[in-house]
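Number of protein chains: 2
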Amino acid sequence: MPLSEQQILNMKKKRETILEAATSLFATEGYEATTIKKISEAANVSFGSVFTYFKDKEELFYTAVVEPLKELSDRILDFNPDPMDPVAELEKMIAVHIKLFAGINQYLTLVVQVVGQHQRYADIFEKLDTFHDEFLEKVSILIQNGQKKGLLIQQEPLPVATLYTSLLIGIRLNNTDTLYSNMLDHYVPAALQLFGPKNK
Amino acid sequence: MPLSEQQILNMKKKRETILEAATSLFATEGYEATTIKKISEAANVSFGSVFTYFKDKEELFYTAVVEPLKELSDRILDFNPDPMDPVAELEKMIAVHIKLFAGINQYLTLVVQVVGQHQRYADIFEKLDTFHDEFLEKVSILIQNGQKKGLLIQQEPLPVATLYTSLLIGIRLNNTDTLYSNMLDHYVPAALQLFGPKNK
DNA sequence: CATAAATGATTGAACAATCATTCGTGAATA
DNA sequence: TATTCACGAATGATTGTTCAATCATTTATG
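As you go down the protein sequences, you meet chains R and C in turn.
Number 71 in the UniProt record's numbering belongs to position 71 of the first sequence; there are no gaps in the numbering.
Number 29 in the UniProt record's numbering belongs to position 29 of the second sequence; there are no gaps in the numbering.
Because the hints were derived from the structure by calculation, they are not lab data.
Every residue gets a Cβ at the ideal spot worked out from N, C-alpha and C, and that includes glycine.
Each hint should be verified, as a subset may be incorrect.
[As the list claims (entries may be wrong)] Now the in silico label distances, taken between C-beta atoms and shown as ranges: (1) C/Glu-32 / R/Ser-49: 23 to 29 Å; (2) C/Leu-77 / R/Gly-48: 50 to 56 Å; (3) R/Glu-71 / C/Ile-141: 49 to 55 Å; (4) C/Leu-77 / R/Ser-49: 48 to 54 Å; (5) R/Ile-141 / C/Leu-9: 54 to 60 Å.
Build the full structure now, drawing on both the sequences and the hints.
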């Protein structure tokens, strides 16, 4: 009576297919304009099947935003807040972030949607906000350590960190075409300036 | 047979009321979730009246985004790209921009919606994009002049300008609560660092 | 001044379309 | 045979838009 492993695997794949189709549509057309019918067609799945894997449309959107967050946050927070060379660490961190953010354009569109209307997506927003606070905190510590070592100019760390995350999410809104990978190399040193490196 | 001036004035006011209610709802609930019924109720206007002043829902949204753009762009572009003291001009410009952007939170939510789904709002996006290009160009010139005078470090001006506008729009997404006017004073000098001022 | 005609805004019921969700039936697997 | 997924027609609710009737205001006429 229980499902075979093969079947469970197929279902996992199917769930993933639906989720990917939904994410893509949510990003390009928005939550309300994305219909279950469209999702099912994009995923090559019957209409009813969508409801087999997701309770309702809301859960589908929730999953599309929250589920990738775990892995993403690990990658985003993957830097040393107390390194030997804070400026070099900053540079490495910025390069990672900008490249990472460039590759998850679609996902970021969802994030922008949630943040832009955080009252409407209150529970999702809370998850994002919690991570954001963690992110800010860790960047602030790195800034502080750079300042202690005399390698960064004295500034309030938190506003600088906040501007940095603003900049990261803002890049997404500024670069709608795909040809912005060309500019990535220029972005890193420019973004570094935000932190006020002293060596010139 | 023509309308009296008083009547025309009343209609202008009514149109404005509807537009404001619509803007507010579009910002907090999104385009699709905002119904004409909600708008008419929020504006204290009959359902049918909305269609007297706006052809359809789309025109209402279009107007809400495009109409304020003219005045806003004037204020945003109100800085001297070739001043005596480029760093002082930058500082002044940044302060104006950050304060301005802080005060039009609701409008920026609409902008974010349009940019986040630019394929869907193609005609509106084009207007925003045209202004954005103009903005980038003027900031780039200011940067160039600062560099020529030896007051800013050498960087590609365009990526720096792009990061600056990213930062401006990104701040909106980072600060959802109202208490961020406290931080404005810290933001200005931090944002200035982006341009690489040499005096330290 | 009084009245009528004309113009054009105001209104909300009616309409057709679309949507999310439910659910009964069929198919497949263990 | 029992269980569970797959399916899509049916349902009920909601939407944007249309439109015919109503109302207010202004102008023309006596």
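(request) Kindly indicate which numbered hints from before are broken by the structure, ordering the numbers from low to high. (result) Hint 3 is the one this structure does not satisfy, whereas the remaining hints hold.
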